[in-house]
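*Asks:* Given next are the chains, with one letter for each unit.
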Amino acid sequence: MFRIARTKTLESLAHQFVQRCAVSGTAKGKAKLKDGPKKRMKVSTKKGGKGAVDPDPSARPTSRQDQEKYKLYEQCINAPTPVRYLKPKDMKREAEREKLGLESKDRKREKEILKKGGRQAMGVPDEPLMMGTPGFDLISLGLVDADKIPKYELTVEDGRRLAKEYSRVLMRKHRARQAAETNLLRMKKEAIEALPEKLKQAALVPDLTPFPKERFMATLTPPIEGYIDKVKEAAMRSSGAQKIR
Amino acid sequence: MRRTLTSFPRRLLASAREFSTSSEKIVASVLFERLPVVVPKIEPSVYAFQEFSFRWQQQYSRRYPDEFLNKSNSRAQGEYQMEYVPAPRTTEADKANDRKRLYLLLYGKLHGSSDGKLVWHFPQKVYDSEDTLRKCAETALQSVLGDLSHTYFVGNAPMCHLAVQPAEKAPELGYKQFFFKSQVIATNKFKIGKCQDFVWVTKDELLEFFPEHAEFLNKMIIS
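Those sequence lines, one after another, are chains C and R.
For the first sequence, full-length UniProt numbering gives the first residue as 1, with consecutive numbering after it.
For the second sequence, full-length UniProt numbering gives the first residue as 1, with consecutive numbering after it.
Rather than coming from a laboratory, the hints here were simulated on the basis of the structure.
Take these hints with a grain of salt, some might be off.
Stated by the list, open to error - With a straight-line cut-off of 20 Å between C-alpha atoms, the simulated EDC-like cross-links for lysine to aspartate or glutamate are:
no. : chain 1 : residue 1 : chain 2 : residue 2
1   : C       : K87       : C       : E110
2   : R       : K25       : C       : E193
3   : C       : K164      : R       : E67
4   : C       : K188      : R       : E215
5   : R       : K176      : C       : E193
6   : C       : K148      : C       : E127
7   : C       : K148      : R       : E43
8   : C       : K115      : C       : E98
9   : C       : K173      : R       : D204
10  : C       : K69       : R       : D204
11  : R       : K176      : C       : E98
12  : R       : K135      : C       : D207
Remember, predicted model here, so these are calculated numbers, not experimental data.
Take these sequences, add in the hints, and give me the full structure.
*Replies:* Written as structure tokens, this is what we have:
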């Protein structure tokens, strides 16, 4: 709802958009904008007085440790990525800025990375990458046949193709599993129906005893006999040593 | 197809027994299975997509300096160092195709099948007059294994039933066979007695033993 503005100063314009409380007819919380529109909060440090900007590392090398610390912070805040991600709108904007001759810091860094060799130099090579700790990844454990993996490039089209295949395979398996489980339930019902009356009543009683805790899930590799004893022994040794200290 | 590549459950087949003649016979048999010990193999296309998405994400993820990433490592307590060499997923019993040892087929659930005059079957017992059919099945398994400390029966109801038609020559031999599901808990060796022979099999091998019931077994046993 717009109200007629009395004057055209900035304060009153802001005032006109203040919400009115339905009951009292006044602004919510009865706060009036005496100081004008609120200023943005500025993070002020104790050193350097009010409204201070973050200390500039090059201007204040207090100690080498501090310098290194700030360098680390800067590296973390402006950490690079091998390939820069831009939405289509951003790409158009970048292209127009290039025409005008302006170049952003990110764009400069991207060019440097490309000069050095692109994403290949930064750790995303064209060959398939090993996932996980060496020796424990799925290929060396034998879970996947390395020669049967389809070849692909790191492009959007290949990604879409792989995604479709992945979805197809998994959904097929899921549906088969669902059908099999439904079948099992059906057969169980039929079996119960086929029992004579007394046994049927006994079979319909739900078995609420908890299942045993020794029933383990399948793991990547089978359990090694005697390993748990070794672990306990090592733990005892290390904890014993600590107590002596 | 090599057995080791499958993650099929294996079930225990019992030895043949003689049946008493009566009109409506009910037989409680036990599908004694060992659940898979290792995760089954992954499809290559599934792995390919996972690898692709990993590499695609790596392209766009930020690279932080090493000192920042190692900060948590430097703060960790000194723990005991242990060498861990993962055990291989196929065992010697797999390679030797030894069906007697439970070490076989880490993937699969295991069956045991025993031989009585070349008739293979699941551990079973004719229902006499116990309280419930499950108790009957338990006694059946007990007679084969000796004790039930490492078994777990799933539920009070049978999981499926099979009506065996009487043969022409012996009309009184028709009976209904009810299967109870039971699982191996926390053990690798079993002392199987009271039968001529026993065998632990996967689903495919089971179909070799009972070709006439192939369809039924396919439905009963999921994997």
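*Asks:* Hint by hint, note whether the structure agrees.
*Replies:* To see whether the hints hold, each was checked on the structure:
The straight-line distance between the Cα atoms of K87 of chain C and E110 of chain C is roughly 15 Å, inside the 20 Å bound, and the hint therefore holds. With a C-alpha separation of about 16 Å, the suggested pairing of K25 of chain R with E193 of chain C holds against the 20 Å cut-off. A hinted pair counts as satisfied when its Cα atoms are at most 20 Å apart, and K164 of chain C with E67 of chain R does not qualify at roughly 40 Å. Between the alpha carbons of K188 of chain C and E215 of chain R the distance comes to roughly 16 Å, so the proposed pair stays at or under 20 Å and holds.
For the hint pairing K176 of chain R with E193 of chain C, the CA-to-CA distance comes to about 12 Å; that is within 20 Å, so the pair holds. Between K148 of chain C and E127 of chain C the CA atoms are separated by roughly 15 Å; this keeps the pair inside 20 Å, and the hint holds. Between the alpha carbons of K148 of chain C and E43 of chain R the distance comes to roughly 9 Å, so the proposed pair stays at or under 20 Å and holds. Proposed proximity of K115 of chain C and E98 of chain C is supported: the alpha carbons are some 18 Å apart, at most 20 Å.
Simply put, K173 of chain C and D204 of chain R have alpha-carbon atoms about 18 Å apart, close enough for the 20 Å limit, and the pair holds. A C-alpha spacing of about 64 Å is found between K69 of chain C and D204 of chain R, which places the hinted pair above 20 Å, so the restraint is violated. With a C-alpha separation of about 83 Å, the suggested pair K176 of chain R and E98 of chain C falls outside the 20 Å cut-off, and the hint is violated. This hinted pair checks out: K135 of chain R and D207 of chain C have alpha carbons roughly 13 Å apart, not beyond 20 Å.
The structure fails hints 3, 10 and 11 (numbered hints given earlier, in ascending order).
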